[in-house]
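Can you build the whole structure from these sequences, using the hints too?
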Amino acid sequence: GQNIDQPTEMTATEGAIVQINCTYQTSGFNGLFWYQQHAGEAPTFLSYNVLDGLEEKGRFSSFLSRSKGYSYLLLKELQMKDSASYLCAVRVQGGKLIFGQGTELSVKP
Amino acid sequence: GAVVSQHPSRVICKSGTSVKIECRSLDFQATTMFWYRQFPKQSLMLMATSNEGSKATYEQGVEKDKFLINHASLTLSTLTVTSAHPEDSSFYICSARRLAGGSSYNEQFFGPGTRLTVL
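Protein sequences, first through last, are from chains A and B. Numbering-wise (my numbering), the first sequence opens with residue 1 and increments by one. Numbering-wise (my numbering), the second sequence opens with residue 1 and increments by one.
Errors might be hidden in some of the hints.
Listed next, with one range per pair, are the computed distances between beta-carbon atoms [stated by the list, open to error]: (1) ARG115/B <-> SER65/A: 36 to 42 Å; (2) ASP52/A <-> PRO112/B: 31 to 37 Å; (3) ILE17/A <-> SER83/B: 20 to 26 Å.
To list a few chain B residues with every Cβ distance to chain A over 10 Å, as calculated [unchecked claim]: (4) GLU22; (5) LYS41; (6) GLN42; (7) THR82.
To be clear about the criterion: a stretch of chain B counts as covered by chain A if any three or more of its residues have a C-beta under 8 Å from a C-beta of chain A, and this derived list gives those stretches [stated by the list, open to error]: (8) 61-75; (9) 107-118.
No lab work stands behind these hints, which were simulated from the structure alone. Built from N, CA and C at the ideal position, the CB exists for glycine as well.
As structure tokens, then:
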């Protein structure tokens with residue numbers, strides 16, 4: 001079966017750093033994606049990892065450990081506009097994306 | 001580039017009617033389109049994979065006779081919710097995978113979604 005776990009919700013303070021974890025057990029693996037989704041809108045691409053290690057892109061970084069079935073998304077210098085749902089997704093056979101349940105992040109002033 | 005549109009963005013219908021949702025890749029050709037459903041406060045659930053010119057592949061638990069998918073061209077896929085009922089009310093999102101020339105990672109582009117409300 002396919003199983004992707006992430007915390008349901010998190011709260012952080014403006015200007016701080018937050019780490020959103022994702023663990024997965026899937027039949028097949030062809031990359032892990034992180035998306036940001038605001039309510040009522042489509043997901044927008046944030047990052048992609050297929051090899052172990054850290055990928056950095058501005059205020060956002062994503063880490064992958066394939067042996068541990070583990071990834072995290074790191075958001076630095078949090079802004080109010082970062083309040084959104086963050087989705088971890090694993091790409092499996094046929095290009096299909098299997099999504100976790102999403103982590104609702106609330107950034108407080 | 002890599003824009004995907006959906007139409008309509010919002011639809012309200014009576015129970016028992018059928019609703020068609022269109023997904024278009026505006027500036028690229030898509031070999032494959034995916035249809036997702038998202039209930040409030042939940043994540044995206046893949047419903048089916050649609051390949052141009054062939055029958056769609058449905059995920060387990062998704063009724064193919066209720067959710068009809070047609071992928072008639074490399075830029076258009078349609079999802080028809082037949083005999084809609086209130087429990088079908090949801091946010092339906094499509095994504096399109098580029099035919100060629102796309103990056104190896106960000107190759108799936110999402111539409112803006114369609115909010116379906118069945119009364």
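Structure-based check of all given hints:
At roughly 37 Å, the beta-carbon separation of ARG115/B and SER65/A lies within the given 36 to 42 Å, and the hint holds. Separation of ASP52/A from PRO112/B is about 34 Å and conforms to the stated range, judged on CB atoms against 31 to 37 Å. At roughly 50 Å, the beta-carbon separation of ILE17/A and SER83/B lies outside the given 20 to 26 Å, and the hint is violated. The Cβ of GLU22/B lies farther than 10 Å from every Cβ of chain A, with a closest approach of about 15 Å, so its non-interface assignment holds.
With a least beta-carbon separation of about 8 Å from chain A, LYS41/B fails to lie farther than 10 Å from that chain, contradicting its non-interface assignment. With 10 Å as the threshold on Cβ separation, the claim that GLN42/B sits away from chain A is violated: the shortest Cβ distance comes to roughly 6 Å. Against chain A, the non-interface label of THR82/B holds: every CB pair exceeds 10 Å, the least being about 24 Å. Counting residues of the segment 61-75 of chain B whose CB lies closer than 8 Å to any CB of chain A gives 0, which falls below the minimum of 3, so the coverage claim is violated.
Closer than 8 Å: that is the beta-carbon criterion, and the segment 107-118 of chain B has 7 residues meeting it against chain A, so the requirement of 3 holds.
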